[in-house]
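Participant: Chain by chain, the residues run as shown.
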Amino acid sequence: ILNVEQSPQSLHVQEGDSTNFTCSFPSSNFYALHWYRWETAKSPEALFVMTLNGDEKKKGRISATLNTKEGYSYLYIKGSQPEDSATYLCAFNSNYQLIWGAGTKLIIKP
Amino acid sequence: SQTIHQWPATLVQPVGSPLSLECTVEGTSNPNLYWYRQAAGRGLQLLFYSVGIGQISSEVPQNLSASRPQDRQFILSSKKLLLSDSGFYLCAWSVGQGSPYEQYFGPGTRLTVT
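Protein sequences appear in the order of chains A and B.
All residue numbers for the first sequence refer to the working numbering, where the first residue is 1 and numbers rise by one.
All residue numbers for the second sequence refer to the working numbering, where the first residue is 1 and numbers rise by one.
If you're looking for bench data, these hints aren't it; they were derived computationally from the structure.
Where hints are given, some of them may not hold.
What the hints assert, rightly or not - Ranges between beta-carbon positions, derived for each pair:
1) B:L82 - A:T40: 21 to 27 Å
2) B:P18 - A:T40: 28 to 34 Å
3) B:S20 - A:K58: 41 to 47 Å
This structure is a prediction, so every number in the text was calculated from the model and none was measured.
Built from N, CA and C at the ideal position, the CB exists for glycine as well.
The following block holds chain A by itself, in its conformation from the complex (with noise of 0.2 Å):
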């Protein structure tokens, strides 16, 4: 069974802090890892996706590593907004399909 762990479950930050999160993924049968921000009442939308051990990806303030060999990803927020409250979801690209991890419910503090 292919597993996604995601950590931590929650984490309240103060906002200006920056902060990250971990995913973990099997290390085999790789494609691809993927990062959506989930906010309330909202869909899930993607952030990053990304293919290559070593890849690092940035969007603004976000950012992402991947290590493929090891089988985790990072994701960093750097002086964190309240708007950045959300779930972070990641989801390990298995052949035709998404495995998502539980996500990171993150709360910035004003």
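Given chain A, put chain B in place with the hints provided.
Facilitator: Chain B alone, transformed into the frame defined by chain A:
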């Protein structure tokens, strides 16, 4: 551009009643289609996926079923709802060929079974 519609947005149904949730995609052809559920406090669970008309794969045993009567229409049904069917249901689509791919989600349906 592609859009995905899901309805209804919210639904309250008694135990034992039937269910029908509908999802349609516009602006693309032959998409892969998915039904997910998020139960309270948990991650996304894939319920069904479809790679073409009439082709449905089920990921977990349950009292739900799915159908794809048209290329861009995906329906989630139940004959008799259980309390455990409560949750947030999301429909998603992805391009039909190739990997990796992104999935694009509809607005979701919040189902409460009472």
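Participant: Taking the beta carbons of L82 (chain B) and T40 (chain A), is their distance inside 21 to 27 Å?
Facilitator: holds, 26 Å
Participant: Could one say that the CB atoms of P18 (chain B) and T40 (chain A) fall in the range 28 to 34 Å?
Facilitator: holds, 29 Å
Participant: Tell me if the beta carbons of S20 (chain B) and K58 (chain A) are separated by a distance inside 41 to 47 Å.
Facilitator: Taking Cβ atoms as reference, S20 (chain B) and K58 (chain A) lie about 43 Å apart, which means the hint holds.
Of the numbered hints given earlier, the model fails none.
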